[in-house]
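Colleague: Could you build the full structure based on these sequences and the hints that come with them?
Okay, here's what each chain looks like letter by letter:
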Amino acid sequence: MKEDYLWDKTGTDPAIEKLENALSAFRFDESSLQIPVSASAQVEGRRYFKFLSFGFAAAACACVAIISWALWAPIAGPDTVPAPEQAFTLPAEETLDSVENKPNMPVTVGVKAPSPSRTAGHYKKAVKKAVRPVTAKVKKPAPAAQPFTKEEIYAYNQLMLALSITSDKLNLVKEKIPGE
Amino acid sequence: MPESGMTGNILLFAGSESVGTTTAASEVVKPETALVERITAGDERAFGELYKIYAPMVHGIILARVPHEEADDIAQEVFLAAYRNLKTLREAAAIGPWLGSIARNRVVEFYRRSRPTEELTDHFSRSDSPRTEANEIMAAIHSLPIAYAETLVLRLVEGMTGPEIAEQTGLTPESVRVNLHRGMKLLRQKLGITE
Amino acid sequence: MTSFIKYLSAITLLFLAAATPAMAQDAHLRFERLNQLESKARDIVEVNIDGKLLELAKRVMVKVDDPNAKKVGQAISGLRGIYVRVYNFEKENEYDMTDIDDIRNQLQSPGWERLANVRSKKNNQKVDIYTMFTGDTMSGVAVVVSESKTVAFINVIGPIDIDLLAEMSGKMNIPRLEIERDPSTAKPKN
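Chains as they are written, first to last, in this note's numbering: chain F, 155 to 334; chain B, 225 to 419; chain W, 634 to 823.
These aren't lab readings, by the way, just hints derived from the structure by calculation. Any given hint might turn out to be false.
Unchecked claim - Here are a few chain B residues that face chain F, going by a calculated C-beta distance under 8 Å: (1) L287; (2) A358; (3) M362; (4) L380; (5) E382; (6) G383; (7) R401; (8) L404; (9) M408; (10) Q413; (11) G416.
What the hints assert, rightly or not - With a straight-line Cα cutoff of 25 Å, these simulated DMTMM-like cross-link-like pairs (lysine to aspartate or glutamate) come out: (12) K703(W) to E174(F); (13) K755(W) to E329(F); (14) K691(W) to E780(W); (15) K409(B) to E174(F); (16) K304(F) to E391(B); (17) K703(W) to D794(W); (18) K304(F) to E360(B); (19) K163(F) to E388(B); (20) K673(W) to D735(W); (21) K304(F) to D698(W); (22) K172(F) to E268(B); (23) K276(B) to D322(F); (24) K704(W) to E174(F); (25) K724(W) to E665(W); (26) K328(F) to E665(W); (27) K304(F) to D699(W); (28) K759(W) to E329(F); (29) K691(W) to E360(B); (30) K759(W) to D794(W); (31) K414(B) to E665(W); (32) K328(F) to D761(W); (33) K163(F) to E357(B); (34) K328(F) to E800(W); (35) K414(B) to E174(F); (36) K755(W) to D676(W); (37) K304(F) to E293(B); (38) K409(B) to E391(B); (39) K328(F) to E746(W); (40) K754(W) to D322(F).
Idealized CB from N, CA, C, for every residue including glycine.
Modeller: Next comes the structure, spelled out in structure tokens:
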């Protein structure tokens, strides 16, 4: 019997079993929580560790970036990647005005690619990054107000139903009071 | 406005009677009672055992109210608070409802701390979360009355049976059965599942 | 200072522990025991709105461009939950008054005060309105209506403007928002 499966898992109910399988992703996972035995130290330690690990990660990224730049910069010649301040200049034939008239057209800025002979093998990645087309962000006009979501509509209709019933019942008393 | 802890009280109100009746009628000491006594005596391993028994219930109660990515942290806070304050529990047999009460109150605090826009966006998984089937189902469960949502999460997500839910939360089996049955009916309607 | 915080935490948690087994006074009515009415009714209207659902609905109410919606929004600005049960019966007096005694008994508990009542021979109508106050703030409203073919219970949590809401009766022609129907969705069963 279906209801038995819902109550105490006897019998079968394919629909409920399907829900259970889908929702198992959210089930409590014992390994994900730590038993807070030495309560304050554990939690504080976890929070501190999170901060510390973030700090280390940030520092590591910075080091890699600096080292990469330091090693790559002398190899790159003047004809490869332009200075950063030049990389985002729009081509002469297109201005922001013309772009704003075509809100759906992305503006891409091209950068002259370096010649292969100038690029050492293990610095290809850094160079590719620098010549990747960049889409400039164009300010679009504010979109029209989004329609309500299904959940909002459902909630609103339910509330109005409840309030109209309440209002009618309250009015039963109000209309009977003399002088009102 | 975050859901008030008072909404959860309707469950506690039903639960208190069953706990009192069970304790008065039975001379058998529940294993949880013995665990609580061991913990208050300083046995930390006993707390680990208690944690294993009640963590799914606590997690489920929280999950019925908050986005799933927040549930673990709040559950951790609940057990932390429970560990620190177990001595204030007047009736050891009421450990389950007591933990449930802490969980619900922690959720209220969580929403007081978080910004309303973030809360609602995360809750219905509208913006950045992928629209997986699980998220859709959870969104539907979250839109149900909290009594139904909580019981359904304990049953469908945490895998607890009806009798287990009644025993741990302190609700009467009849209340749990009603919540499951009605909640599932509403959930089927929302998800378009035919019976 | 540290000992003061510890003291405060202990008091707070003592309250938490006490709140669980204690019969905390709150404005929620328990509808679980209305099975008898359910089994006899021809149709039932059940609406439960609280928490996030209520928050969503209030947001829509603010955005909907309708003066009546704004008024209603005013009347319910402090609302935290509303629960409605309406049971309609095929024939007159198909239900027993004892079926609704459970609700009436709950309204006899401390905190609830009867605000108004109406008795009318027409349709054997009885209407009772109860309120609960916490200090100076209204914390709940309960309305119980019984007629020969209908029983209705309304439980409101939080303060509402009863007068304003009663005034809106018949004026709730606030546009109903349509949900785009998904063909795969089964019709809800009554």
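Colleague: For each hint, tell me whether it holds in the structure or not.
Modeller: Evaluated hints:
no., hint, result
1, L287, "6 Å, holds"
2, A358, "5 Å, holds"
3, M362, "7 Å, holds"
4, L380, "5 Å, holds"
5, E382, "6 Å, holds"
6, G383, "7 Å, holds"
7, R401, "6 Å, holds"
8, L404, "5 Å, holds"
9, M408, "6 Å, holds"
10, Q413, "11 Å, violated"
11, G416, "11 Å, violated"
12, K703(W) to E174(F), "42 Å, violated"
13, K755(W) to E329(F), "14 Å, holds"
14, K691(W) to E780(W), "32 Å, violated"
15, K409(B) to E174(F), "15 Å, holds"
16, K304(F) to E391(B), "36 Å, violated"
17, K703(W) to D794(W), "13 Å, holds"
18, K304(F) to E360(B), "12 Å, holds"
19, K163(F) to E388(B), "11 Å, holds"
20, K673(W) to D735(W), "16 Å, holds"
21, K304(F) to D698(W), "18 Å, holds"
22, K172(F) to E268(B), "39 Å, violated"
23, K276(B) to D322(F), "51 Å, violated"
24, K704(W) to E174(F), "44 Å, violated"
25, K724(W) to E665(W), "24 Å, holds"
26, K328(F) to E665(W), "30 Å, violated"
27, K304(F) to D699(W), "20 Å, holds"
28, K759(W) to E329(F), "14 Å, holds"
29, K691(W) to E360(B), "23 Å, holds"
30, K759(W) to D794(W), "22 Å, holds"
31, K414(B) to E665(W), "22 Å, holds"
32, K328(F) to D761(W), "12 Å, holds"
33, K163(F) to E357(B), "23 Å, holds"
34, K328(F) to E800(W), "9 Å, holds"
35, K414(B) to E174(F), "16 Å, holds"
36, K755(W) to D676(W), "22 Å, holds"
37, K304(F) to E293(B), "23 Å, holds"
38, K409(B) to E391(B), "23 Å, holds"
39, K328(F) to E746(W), "18 Å, holds"
40, K754(W) to D322(F), "19 Å, holds"
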